[in-house]
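Enquirer: Listed below, chain by chain, are the residues.
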Amino acid sequence: MQDHPEDTPAKEGVSRRSFLQGAGVAAAAAGISRLPAEALAKEQAETDLQVLGPEAGQITLKVNGGSKSASAPPSTTLLDFLRNDLGVTGPKRVCDRGSCGACTVLLDGKVVDSCSMLAIDAVGREITTVEGIGTPDNLSHLQKAFIEKDALQCGFCTPGMVVTCTAMLKENPNPSRDEIRQGLSGNLCRCGTYQNIIEAVEHASRTGGK
Amino acid sequence: MKPFKLIQPTNENEALQARSSDGSEYMAAGTDLLNRIKEHVASPETVVDLKKISGLDQIESDDRGIWLGAIVRMSEVSGHPEIQRRFPAVATTVGHAATPQIRNMATVAGNICQKPRCWYLRHEGYPCIKNGGTGCWAKDGENEFHAIFDNQICSATQPSNLAPVLVAHDAIIEIQGQDGVKEITAGDFFTGPSENPQMEVKLSAGEFVRRILLPAETETSLWAYEEAREKQSFDWAQASVTILLDRGGRKGDHRVILGAVSPAPLRREDMEKKLNGSEDEATQAALIAGEGATPLSQNGYKVPMLQGLIRRAVRVVRSREEG
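Chain order of the listed sequences is A and B. So the first sequence is numbered by the numbering used here: it starts at 867 and just counts up by one. So the second sequence is numbered by the numbering used here: it starts at 44 and just counts up by one.
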């Protein structure tokens, strides 16, 4: 069992097979006898429930405007898939329990904790990580505001903060201080830079841009 | 995280069939289940994902009220104009739960079926009456956030923010089982430990929540929801009070539901009777808040906390009356 995949060496040696399909049919069939007769006929017509995993299978996601594929078990979280399998390391693995927001990404434009959902549930959705918001050579308006207002100390929460604040400003271009605080309620900063982050969001809001 | 098999049924029968294998568990968004697997307190062989079942992502109105599909996200409820207008207590309460990220992911059915946040229950080293052992570690242990009512068998509280307001509205929980669909009221759905200590909700093996009905006959604009929590950002309530007055326009049809102080949302008819419009009704209701309470070593503070919340909630709900 791997509790912390990031602590383990590269996975080249791990056997990667396609998803085992149909493996659960025998197990599932045991339950059919419990169904009422009328349901039974229907069930027999559709017993081929697809069972994914537990072995790795191909997962393809739309990340920052491009299509990316890798092989991973269906139990892989979106965060671990992005970081360990696709090499998209902007989202950070901190609490891994949906409490800290360091892993925040946008799913169809909405903030989510990528640690608390399966990668497979993001199939077909538009995923945006901090890498899709700005680059070192082409920072977003908000990222410039973060620098201007010194809105980071150790920087580990920053990718999640930038993603959250970007979505916040898109939904509400002129947030009040209270609305900013509420919008940030899912992102923790252990250095305690909240005040400067709030000022950066206000600055970005005041000075326009995207 | 321990690997599991994943089945993604597209209709109810497939879901029931998939769930009939041993060691299987249902999952909606997974915001609770995945955490419990990571903590080694759940270890399903097979996870049956309910999100692909068609129609369960819909919010629909009919003459009975507003139906919330099981996998409707919490942020969809809090931001839904018709729910905001007809069931403001529901929209607002859901909007206060968890974080923006979680509200965009977590579903309404998952929210009401999440396991309690008891730190013993969520630690693999403490088997208790809820998970294969006996007794309750919190009762004589660390119990600051635990129940002050009905806490003798298990003292974990019902963690769902949505639960008290659903009980207050007599919401109907539509449950899918092998024999079809049945409906029970939210008040019967959330259960205390005396019935079945392992379950906090009335779901038999294989059953799942299909929809939730907010009944038209309990609509009211006279509502209050007051809660106390340790921090204003992401946290669960230490205590909460939900008040609805004159439900469906019927004078005197009130509900007072206490949250986070008992294993199931606690209806207080004695307090409802105190809400008669008299000048000291808030005081009268607050005075009896602790009746029946059996606080543990660290959570006696919840009684005066409730009293404060009740006063605040009565003030809020009466101010709405005055417009």
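A portion of the hints provided could be inaccurate.
[Unchecked claim] Not the full set, but computed from the structure, chain A residues with beta-carbon under 10 Å of chain B: (1) A936; (2) P940; (3) T943; (4) C966; (5) D979; (6) L984; (7) D1003; (8) E1014; (9) D1016; (10) L1018; (11) C1020; (12) Q1048; (13) G1049; (14) I1064.
[As the list claims (entries may be wrong)] Simulated DEER-style distance windows between Cβ atoms: (15) A/S1042 <-> B/D183: 26 to 32 Å; (16) B/R107 <-> A/R963: 47 to 53 Å; (17) A/D1016 <-> B/G220: 53 to 59 Å; (18) B/I172 <-> A/D914: 38 to 44 Å; (19) B/Q127 <-> A/K928: 29 to 35 Å; (20) A/L1005 <-> B/T326: 35 to 41 Å; (21) B/T326 <-> A/N1040: 38 to 44 Å.
[Claimed, not checked] Derived coverage of chain B by chain A (criterion: at least 3 residues anywhere in the stretch with Cβ under 8 Å from a Cβ of chain A; other residues may be distant): (22) 135-148; (23) 154-164; (24) 351-358.
Quick caveat, the hints were computed from the structure, so don't treat them as lab data. For glycine and all other residues, C-beta sits at the position ideal for the given N, C-alpha and C.
Enquirer: Examine the region 135-148 of chain B for residues whose CB is less than 8 Å from any CB of chain A, and state whether their number is three or more.
Expert: holds (count 7)
Enquirer: Let's test the interface hint: is any C-beta of chain B closer than 10 Å to that of A/Q1048?
Expert: Because about 8 Å separates A/Q1048 from the closest Cβ in chain B, which is inside the 10 Å limit, the hint holds.
Enquirer: So does B/R107 sit 47 to 53 Å from A/R963, Cβ to Cβ?
Expert: violated (38 Å)
Enquirer: Should the hint that A/T943 touches chain B count as held when the rule is a Cβ pair under 10 Å?
Expert: Holds, because the Cβ-Cβ distance from A/T943 to chain B comes to roughly 7 Å (cut-off 10 Å).
Enquirer: Does A/E1014 meet its interface restraint, that is, does its C-beta lie within less than 10 Å of any C-beta in chain B?
Expert: violated (24 Å)
Enquirer: Holds or violated: is the Cβ of A/C1020 closer than 10 Å to a Cβ in chain B?
Expert: violated (19 Å)
Enquirer: Regarding A/D1016 and B/G220, is the given constraint of 53 to 59 Å on their beta-carbon distance met?
Expert: holds (57 Å)
Enquirer: Have a go at the A/P940 hint: is there a Cβ in chain B nearer than 10 Å to its own Cβ?
Expert: The hint holds - A/P940 has a Cβ within 10 Å of chain B, the shortest such distance being about 4 Å.
Enquirer: Holds or violated: A/D979 as interface residue toward chain B, Cβ cutoff 10 Å?
Expert: Holds - the Cβ of A/D979 comes within 10 Å of chain B, reaching about 5 Å at its closest.
Enquirer: Within the region 154-164 of chain B, is the number of residues with a Cβ closer than 8 Å to a Cβ of chain A three or more?
Expert: violated (count 0)
Enquirer: Hint validation: A/L1018 versus chain B, beta carbon distance must be below 10 Å. Holds or violated?
Expert: Hint on A/L1018: violated, closest Cβ of chain B at ~19 Å, above 10 Å.
Enquirer: Given A/D1003 as an interface hint, is its Cβ closer than 10 Å to any Cβ of chain B?
Expert: Violated, about 29 Å.
The structure shown violates the earlier hints numbered 1, 7, 8, 9, 10, 11, 14, 15, 16, 20, 23, 24.
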